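Colleague: Chains as they are written, first to last, in this note's numbering: chain G, 5 to 325; chain C, -8 to 279.
Because the hints were derived from the structure by calculation, they are not lab data.
Be aware that a few hints might be false.
Pairs of lysine-lysine, DSBU-like flavour, derived with a Cα cap of 30 Å [to be verified]: (1) C:Lys105 x C:Lys63; (2) C:Lys187 x C:Lys221; (3) C:Lys164 x G:Lys309; (4) C:Lys47 x C:Lys63; (5) C:Lys105 x C:Lys47; (6) G:Lys309 x C:Lys105.
Treat the numbers as computed from the prediction; the structure is a model and nothing was measured.
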Amino acid sequence: MTTTVQAPRKPATAGRARKNRRNAGTGRFAALLLSPTVLVLALVIGYPIVSAVRLSFLVTHNGINPTTGMVENTTHVGVDNYAAIFSGDTASQFWNAFWNTTTFTVAGVFVETVLGVLMALIMNRAFRGRGLVRASVLVPWAIPTAISGLLWKWIFQSEGIANTLLHTHILWTTEGFHAWVAVLVADVWKTAPFIGLLALAGLQMIPGDVYEAAKVDGSGPWRTFWRITLPLARPALVVAVLFRMLDALRMFDLPFVLIGAHKHSVETLSTFAWYEASNLRYGSAAAYSTVLFLYIALVAFVFVKVLGADLVGRGVSGRKS
Amino acid sequence: MSAVTATTPGKRGAPRVKTSPFSYVGIALIVVYCLAPFYWMVVSALRRPADQFSNKLIPWPMSLDNFVSAFKPANGFTRALLNSLIVAGTTTVLTLIIGITAAYVLARLEFRFKNVILAAIIATSMFPGISLLVPLLELFVSIDWINTYQAMIAPSMSFALPLAVFNLTAFFKQMPFALEEAAQIDGASPMQAFRKVILPLAAPGVFTTAILTFIAAWNEFIIALSVTNKQSMRTAPVITSLFTGQYGYDQPFGTQMAAGVVVTVPLVILVLFFQRRIVEGLTAGGVK
């Protein structure tokens, strides 16, 4: 009985020694069984990433061949696609997309986290109607983002319900700051409940005696929240925020469906790269998406190293950072 | 014993008090927040096309005209639903087969670079769809995969696999080793032990992963949008966003809301029935 309960808690020490004895030389067998997963990921993710880097260094010029007089594409290797990020007429478009991506991520994830934690606190206190709440919280998450983009486009129509309720006459889906707000609202609606769920799971891991001890020591609800609830729920929250940030940085569906392709005020790096690719400028599309990839990798790195987001967690090593 | 108590997952966080009136208000706010936009989609779909711009909360007189026009043959919506079902269904089955194998190996066998491999598998989930898109488009054009199911299934699988492997690994880890040992003592081969003992016991975890994978694949947009240009190969979310009005320039919102309801309802039903499972699956990564 004791071993059954303890086994999942320390696989790193007891499990490893036992398994090593029994499964010496299982490397090849493991490799065989792992190969389909690795193969799919290598083909559909590894290859494109490497290939995108290669493409981003290919520069295509449209020019007229002096001997034949025909329009021809010539390709050579160079850093022009990256240089165009810093100067030239596409530079401002790129930095606009970069800025939008960043502001959507920072503002969106911040609002979502505050709302999500609030929702989690409420759900954690409620013991009746939990099923109903859980089901309704999952609805925004389950609706395909493209469909929720359409839905919000309808809500934000000039004669739509948003303007009626707010008593305004804003053309939300046209270029301007209001379009940015519209996308942010739609994004927050969809994902705040998701953060709420993850935060709730974190709250439920906090043992009740801790709260009782705090109460005995005369700690008020506000103080208890900042000094006990938040620090103890932090590991779960950091992972939730990280997942959301990685997701928000590649935002595509919402601005694309809600406002449209290549709209200045809501252009993200994903939609901008998509627009370049759809105009067959593969080189610059690859360069922009590579920059986005590096940006995402940097954010993930900072989270894991600085904030100690424990992604692999207990599932693998049995160690907690 | 104290260590066991601390990790008991069922232990509630907050002190057990009666639900206060304040909580009921909070709960009501959450429910309204989450469901009001969805309600608006359903209501708008049920309006008569003549009342489309009415902002009344109850669609009366009700009409199914929007649904009828969503299914008009010119829209190709029926075929799109079938396409979505094929793509999401195949993705789910293949992801599960591959993912279960990988997760079982990662959870049970001990070999070099194991943690590196799991970390790499998880890391692939952070890659943005757009970085994959450009090279994949080039590749799919050259091998003639544009407008095929496999061009949507393969990327969808790679998007779903990391989470599936991660969830399943965590799930297999929880199962005590003694299970296989007992089966093998009873004379079962490792394969039999896995098939007859572990897999049936892992069914809840596998099922959860299946739902999550299906929803993710059903909702996939950027790849499905880009690797198809024939109407008959579009998936339902893509084709709904591309509906055009009678005159081409007006957006047929009523029809789109009706189509949106049709695309969403299967997912909402899944959510209603399997909410507990889905929440367990979603939070497995974050907390465990």
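Colleague: Work down the list of hints and note, for each, if the structure agrees.
Modeller: Status of the hints after comparison with the structure:
no. : hint                : in the structure
1   : C:Lys105 x C:Lys63  : violated (53 Å)
2   : C:Lys187 x C:Lys221 : violated (45 Å)
3   : C:Lys164 x G:Lys309 : holds (26 Å)
4   : C:Lys47 x C:Lys63   : holds (27 Å)
5   : C:Lys105 x C:Lys47  : violated (59 Å)
6   : G:Lys309 x C:Lys105 : holds (21 Å)
The structure fails hints 1, 2, 5 (numbered hints given earlier, in ascending order).
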